[in-house]
Amino acid sequence: MSNESLYRKRAFKNRIAMVLSCAATLFGLLWLVWILLTTIIKGASALNLALFTEMTPPPGSAGGLANAFYGSALMSLIALLIGTPIGLAAGVWLAEFARHSKLGNTVRFINDILLSAPSIVLGLFVYTGVILPMSALSNHQIGFSAFAGSLALALLVIPVVVRTTDEMLQLQPSTMREAALALGVPQWKLTLQIVLRAAKAGVVTGVILALARITGETAPLLFTAFGNQFWSSNLLKPIASVPVVVFQYAMSPYDDWHSLAWAGALVLTLFVLMLSLLSRLILLRNRSH
Amino acid sequence: MLVLLLLASIAGSTLWGGFEAFKTFGFGFLTSTEWDVVGGHFGALVPVYGTLVTSFLALLIAVPVSFGIAIFLTEVAPPWLRMPIASAIELLAGIPSIIYGMWGLFIFGPFMAEYMAPWINDNLGALPLIGGLFQGPPLGIGMLTAGIVLAIMIIPFITSVMHEVFRTVPSALKESAYALGGTTWEVVWDIVLPYTRTAVVGGIFLGLGRALGETMAVTFVLGNAHQFSASLLMPSSSIASVIANEFSESYTDLHRSSLIALGFLLFVVTFVVLALARLMLMRLSRKEGL
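Those protein sequences? They're chains Y and P, same order as listed.
For what it's worth, my numbering labels the leading residue of the first sequence as 1, then goes sequentially.
For what it's worth, my numbering labels the leading residue of the second sequence as 1, then goes sequentially.
Isolated chain P (complex conformation) (with noise of 0.2 angstroms):
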């Protein structure tokens, strides 16, 4: 009833507030790259380039480790061990993402750019292919920073739905692998994650969700800078990113209005992701119940 309401309402004016924008650019504001307040030019794409490109980085980073921690909490740790890491890594959770931001700052971005910068660009930037990447001044604050910093917090999120997913899988199932000689990782690969595949995917989307639509922890660290570049190493701007710096200062309307269709973007990204999270999380639940 009211929560339905509420939906539809944030939707319906994100869509009218951001309609001049649409309106004045057409297409053009998804596929531009220019973003000049004076000359009133907005176009979406640098912005859109970063949030996929740090929650993607976020992704690759999170994924392995969550699915480590959970597998740990599931099989390997003894079971008095058990209860304190899953209320730590929980605690990861409740911490607000703006002390993310300033840790990332002022700790981890130095950090970064004296120890990690130079190797990665020694290193990394002489490969072919993607050498390209991996190239540039070591600033410490870039694509490379939100993402990492984005990982350390969907880690928790993915971690406990897949520790939770894994504890549903029936113990005569992995028993009787055991029974039959199976190494608990044969145990986990073969039984546990094809049993619960659908429910580790709707996790890891959730956590996709939540990489796309956080904002300080990203503000702080990705550099807000309205330029394309290939490089991970340089700084970026992110749909929600530019959103937060800017529009308190935006005076024209339409620059206002760019913002706003920019929400509506991240709106409608973030709700197929979590809805498709959702969706395949129900999968599960409905298995269970046979």
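The shape of chain Y in the complex, shown without the other chains (with noise of 0.2 angstroms):
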């Protein structure tokens, strides 16, 4: 008898964590869709040619996003062009050449910290190690500036390739390493020519991720970018960027730079779901071969 109301108590136990556990998924689920549908149902009624067109308005008059979405490419590209190739390198030191070396090791768990902190300090350490400096040197003609933007977005791509490209190599098999290694294959030429291509396919994941991780990124542009009103592509200037945009409209009282400021989320929130859609078709469809 007693046996029995053991067991009834168990099941019912068991029976009450599976429909928690359940409730917290759909919790998690319902989020996703609200978050989702919000964006898009605002974002898409604001949403036409004007946006990509024209620049951004003064309050109560029509305009678009355009110079903030060139600011934004700008940053991205010159970001990905000084992170990717020390992000590559740093990851193929890892994997080939320091992999179980305390150094190494090091290195890795650092990077692994990097990856996470928080980037508005990023943003901080550019602001005192460049844009100060370059203030000084130029007798305050150079403030915030695009360069200095595009280098704390340079910041948070490092550790993602550097990640990637390490754990992609670390997956090559040794046998390979091992069959150039044994035809008198150079060092360098084996890791450029032989694991380094292999890996192609994970090293180029690494670096949508970045670019995924990058154009979302408000936090280390308000005080390096800035953000400016008009068209600029110089580098020594403040330039506009969709996400800093995004927030000052959000942030005003119109009407009118609310509805902006929710097109420029929808079109960066598909642009980064695209991303990483992307880097996942890469992955899977590397695996089937």
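Certain hints may be false.
[To be verified] Below, simulated DSS-like cross-link-like pairs (lysine-lysine); rule was C-alpha separation at most 27 angstroms, straight line:
hint	chain 1	residue 1	chain 2	residue 2
1	Y	13	P	174
2	Y	9	P	174
3	Y	200	Y	189
4	Y	102	Y	189
No wet-lab data here; the hints were simulated from the structure.
No experiment lies behind these values; they were computed from the predicted model shown.
From the two separate chains plus the hints, produce the assembled complex.
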């Protein structure tokens, strides 16, 4: 009798736990759907061609976000150009030359921390390390600049690329390396032409993920690239970027600015989601080979 | 090599930048609640308190939910459902934080003000001891809202870590427990969890590191008030939101220096939290190697 009640108690407890876990999953998915839906509904109503062709307007008049899109694209491109080679080099070094060494493990550890370090601190770092000296050198002619914004973004790119390069290279079978070495291939050639080529898809994924990460970043740009009302392609001047404009417009009291902010947010979200889908596709295709 | 150098220089430069503030206010910088831009008095207690409270709230919500999702993914869900749900949760991690902020400000904030806050006021505000936490005007933005938004943001991170480490549990262990007649819950609680305990805590710390440093979402929904209040419904400020709001408008060196000093504090705290997280995660992978 008591045996049966014990059974029932255990089964009951189990039932509760399972229901709760299903509820938790639904709870998690609910937010996803809610957030995406509002972004799409609010954003789609403000989406039109002018968004991509006109400048950011003063409150009360129509306009678009063309200069912000341009600024974001420009800074992301420069950030990738700076960050990718450095990250790639560090990743190759970690995987090929320092795989089990103490220094290698330390760098890996630090890199992992850098990967999730608060981005606003990176912005502060660029501010004190780049903007203040540049401003002092140029007699306050150069303050906030697009270049500094790109540097801050590059700091975000590096750890992502290091991590994925390192992981992807470690996945390559050592028999391949040994076969190449047995044929007398020098180490640098082995690394560049064999291992790196085999891991190409993974490395490309890393770069895409890094791009996805920096397109949505606002915090480090607030006081590096600052923002600009007008079209600017001067790297030494402040430049507009989509996330910062979205931030400023969303915090403003004007309705037409709000709807522009939603449109910008929608484009950002779609772009980032597309990138993460793309990276997943590349990985999947690579795995099936 | 370069990465190592980078980290050291970040710490160095923020410390150097904040030096003036530390010098001026000494230890009082950490304990003063005053934040007076015009008068030039700066104390870090309010932002620090706001950061800690919102992150703690976020963990309080996110940990059980993530745990539930991870159990669902590893033990309950039929195999065909696992992939889509896991990727959907990961999508949540990919959404830029500024979107969370906008959503929190325009959709969730009003929702809180209209439905949740009055209810909380009426029901929880009357409780003894903790009642003070839940009293206040229904503003919609404040520490509770910020905590909830943060929780949504860190759920994917904690979930994916838990999901991954749950899968490392040898199936022989789980199967023998099932064979002895254990229910799913008992297997999870008594077999899976003890086996992965350090890594699970590591994952939680990883989420905490995220929550502490999160800037944009919090800036939107926290309300940015430099005042100390016990109620969770009142606006406050966090380290990151103060920096984001005031940095480009700081004209005195002292103000700027205080903000950089705040950044330094944040950096040190997150560094410690994240380092702990990594060490705990590493311990599990070493066990796996045996």
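Results for each hint:
no.	hint	result
1	Y/13 with P/174	19 angstroms, holds
2	Y/9 with P/174	21 angstroms, holds
3	Y/200 with Y/189	15 angstroms, holds
4	Y/102 with Y/189	25 angstroms, holds
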